[in-house]
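**Student:** Given the coordinates of chain A, work out where chain B should sit on it, guided by the hints.
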Amino acid sequence: MPSERLLGPSRLDVRKTYKLYVGGAFPRSESGRSYVVEDSAGRFLANAAHASRKDARDAVQAARKAFGGWSTRTPYNRGQVVYRVAEVLEGRRSQLVEEVRSAEGTSRRTAETAVDAAVDRLVWYAGWADKVAQVVGGTNPVAAPYFDFSLPEPTGVVAVLAPPESSLLGLVSVVAPVIVTGNTVVVAASHRRPVPAVTLAEVLATSDVPGGVVNLLTGPLVDTAATLASHMDVNALDLTGAAGDAPEQRAFATELEQFAAENLKRVLRAPEQEPDWTAEPGLERLTAFLETKTVWHPIGS
Amino acid sequence: MAEVSTGSTGSTSGGFEYAPAPESRAVVDIKSSYGLFIGGEFVDPRDGRSFKTISPATEEVLAEVGDASAEDVDLAVQAARRAHTRVWATMPGRERAKYLFRIARILQERSRELAVLESLDNGKPIKESRDVDVPLAAQWFFYYAGWADKLEYAVPGTVAPAPLGVAGQVIPWNFPLLMLAWKIAPALACGNTVVLKPAETTPLSALLFAEICQQAELPAGVVNIVTGAGDTGRALVEHDDVDKVAFTGSTEVGRSIARAVAGTRKKVTLELGGKAANIVFDDAPLDEAIEGIVNGIFFNQGHVCCAGSRLLVQESVAEEVLERLKRRMTTLRVGDPLDKNTDIGAINSATQLAKIRELSEVGEREGAGRWSPPCDLPSHGFWFPPTVFTGVSQAHRIAREEIFGPVLSVLTFRTPDEAVEKANNTPFGLSAGVWSEKGSRILWAAGRLRAGVVWANTFNKFDPASPFGGYQESGYGREGGRHGLEAYLAV
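Those protein sequence lines, which keep their order, are chains A and B.
In this text, residue positions in the first sequence follow the working numbering: the first is 1, and each later residue adds one.
In this text, residue positions in the second sequence follow the working numbering: the first is 302, and each later residue adds one.
Just so you know, the hints here were simulated from the structure itself, not pulled from any lab data.
Any given hint could turn out to be false.
[Claimed, not checked] Computed list of lysine to aspartate or glutamate pairs in EDC-like fashion (alpha-carbon distance at most 20 Å, straight line):
hint: 1; chain 1: B; residue 1: K332; chain 2: B; residue 2: E360
hint: 2; chain 1: A; residue 1: K65; chain 2: B; residue 2: E719
hint: 3; chain 1: B; residue 1: K723; chain 2: A; residue 2: D233
hint: 4; chain 1: A; residue 1: K65; chain 2: B; residue 2: E360
Just chain A, same shape as in the assembly (with noise of 0.2 Å):
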C-alpha cells in the first residue's frame, strides 16, 4: 500500500490517553493523578485515570441529571439503544478481543468468546426493555371498584462495583441490566483491567446512548466505593466487584453496605465468589433495580 510505503515500516503507533467517562465526556480524573496498568504479564499497558473521591461526585451528579429524560424515554426506545450498543460493540471485536486477552491472560480464543458473550448480552438484555414490566406487573384483582395494577419503575442511580476479574464480559452483565429498565448508573471499572472498560465506554459515547446514563470511572475501588456508598443521590449499590471470601474483603463490603444503610440503598450484595458469568441470567440484575409502583384508578359511571 502507498501509505505504507510512505511512513515505512517503523511507524510509532498513536497511543490512546485512558480516560474516565462522565456526563458523555472523556475527563481526566479532576485530581491530576494516574496509574499504571500492567497487562497479565507484568508489561505496562497504560496509564489509566485515577479516579478520585470528586471523581465519584461528579458522576453521580450527571448521572441524577440523565435520570429523568433515560427513565421517561419508551422502553422500545430504550431497547433500541441498548441493542445499537451491541452493533457498535461487534464493530470493535477485534480490538477488544486483544485488550481483553492482554488483560486477562487468556488465549485469544477466549477472549474471542468472552467478546462475543457480551455482544449478546447486551442484545438479551436490549429485548428484555419493553417486556420485564409485563413478567413482573400486572393487574390486582383488588375487592372493590378499582382498577389496580403495579408496575416495575427504575430505581433511580445505581452504583456498581464492576467485576475485578471479567473485564468486558463482566462489566456489561452488570451494566446492561441496571440502564435497560430506566436507571442510569456509575460503574467503577475492574481497578487492574481497566482497558476494556474505557473502549466499552467508546462505544456507549458513539451508541445514541445519552451522556450521564453510564459514567464510568477507573481506579482503585479504595478511592471511589465508599463514597459512592454512602451517597446521599444515590439509590442503589451493586457490590459484586467486592466478591471474594477472605476477611478483609468480606469487612470491606460489609462497611460498605452499612455506609449504603444511611438512605436506605437497595444493596446487590456482594457473592462469595466471582459470578461465572458465561452463565444464562435470570431476571435478578433487572429486578434488583426496579421499584414496583402500584396504582389504584378509580372505577365509575
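**Tutor:** Only chain B this time, still in chain A's reference frame:
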C-alpha cells in the same frame, strides 16, 4: 358491660347530638397476665420480667405482658427452626394452605372480639378496627392461603422456589393485628416459620392470635410471639439463626436494621415512614376529595405510614377546599374508641402524643397557621384534636418530617408539573393521592410520582392482592400480592 369512662366528647359537634353508642367490652376476655408464645405454648419469660399494657383512651392497665429477653428470643428462634425443619418446610403446600384457611376463618369467627380488643389496646375507633383492621387481616390469610400450593407460579423464572427458613418479624403499634397478618400470612404460605414481636404498646391482639393458632392446631413452633420493646426486637433481628428480617416501623429504626444485617445472608424487607402528598387538582370531584383528605390524614388518628399528610391543592380551588375541609372537620367526633360514632380515637401513647405536640409547636413557630375545630378532649388518656396547618412551605419541618398524628400540612401549586415536583420533594416515597375527574391526568401524575402506591380519587385503600411498599427512604420490598411472596422465598 364495662363502660369506658372517656365519654363521647365530640357528641355536640357539627350541630348534631349523638347519644353514646359504646360497643360492649364483655365480648373479650382479657387475662391479667400473658406469657410469651413459644413452641405452641404460653411460657413465662426466663427472667420473669414483664410490663404493663394500657388503654390509651383511659390509661387503665389492661394486662401484664412478658418482656422477652435475648434468651427468650433465642428459645423462640430455636422453636421456629425445629418447626421449620421437622414439619412446616416439608409439609405439602396444599396442607399448609388449609392451616392458613383455618386461621382466616377463625379470625372471621372471632372478629368482634378482636375488634374490641384492638380498639382497647390501640385506641383506634371501633368502626375502623371492626370494618378495616380485622376483616382485612382475615382476608390477608385467605389470600395467601391460596398461594401456599401455587408457589411455582409466583416468581417469574423461578421453577422451584424454596422457603428462606426462620423469619424474624417486628411490627408497629398502628395496625397491630393487620400488620401481623401482613407479616405472618405470606411467610407461612411460603413455608417459613416465624418469630414475631408486636409493638410494646399493643401486644394483646397478637397474643389472642396465638390462641387462634392453638385453636387452628397449627403445629407448635410455626408461629412464635415474643413481646417486649426495642431490645427484644434487636435481639430478634440480630439473631444468627434468623434467615429473614421483616420490619414495619420508623425510618430511623429501619436504618439501624439495615446496618445490623449488613454482611449477613439475611433477606430484608423494610416498610418505613412516609410523608405522602395528596394532590387535589382543580377538576377534582370536591365532595369526594374532602372525604378523601379527611380519610387520608385522620384515619387511625393519622398513625399511618402512608397517611396523606401533605395536602397539595391547586391554587384556583384552594380557598374553597380549605373552607369545606374545615367545615367537615368540625363534624369529626373525637372520643371513646369503643363508641361506634367515634371518628378519631386516642393517640396510641404518651410518647407519641409528645412527638405530635412538639412538631405542631414547631409548625407554629416556623410561621404556619394552625387550626383545629372546637373540640373537648377527655381528661384522661392521650388525645390530640384534628389539626390543619396552612401557609406551609416546603422547608417547614411539618412539611418534611413524619408527624404520625392527625396533623395536616396544606401547600398549594399552580401547574401539574409543580404539583409533581413538590410531591416528589421528599426523601420518602411510600404513597401519594391524586384527585381529578380526568383519567389521563390521573395516569400522567401517577406515572411521575416517585411513590410505591398511588391512590386516585381515594386514599388509604388496602387489599391483599395489591402490592404495597415504598421508594427511597420509605424502605424496600413489597407486601401484598404476588410480589409479597418474593420477600419470603429463595429465588
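**Student:** Okay, which hints does this one fail, numbers in order?
**Tutor:** 4
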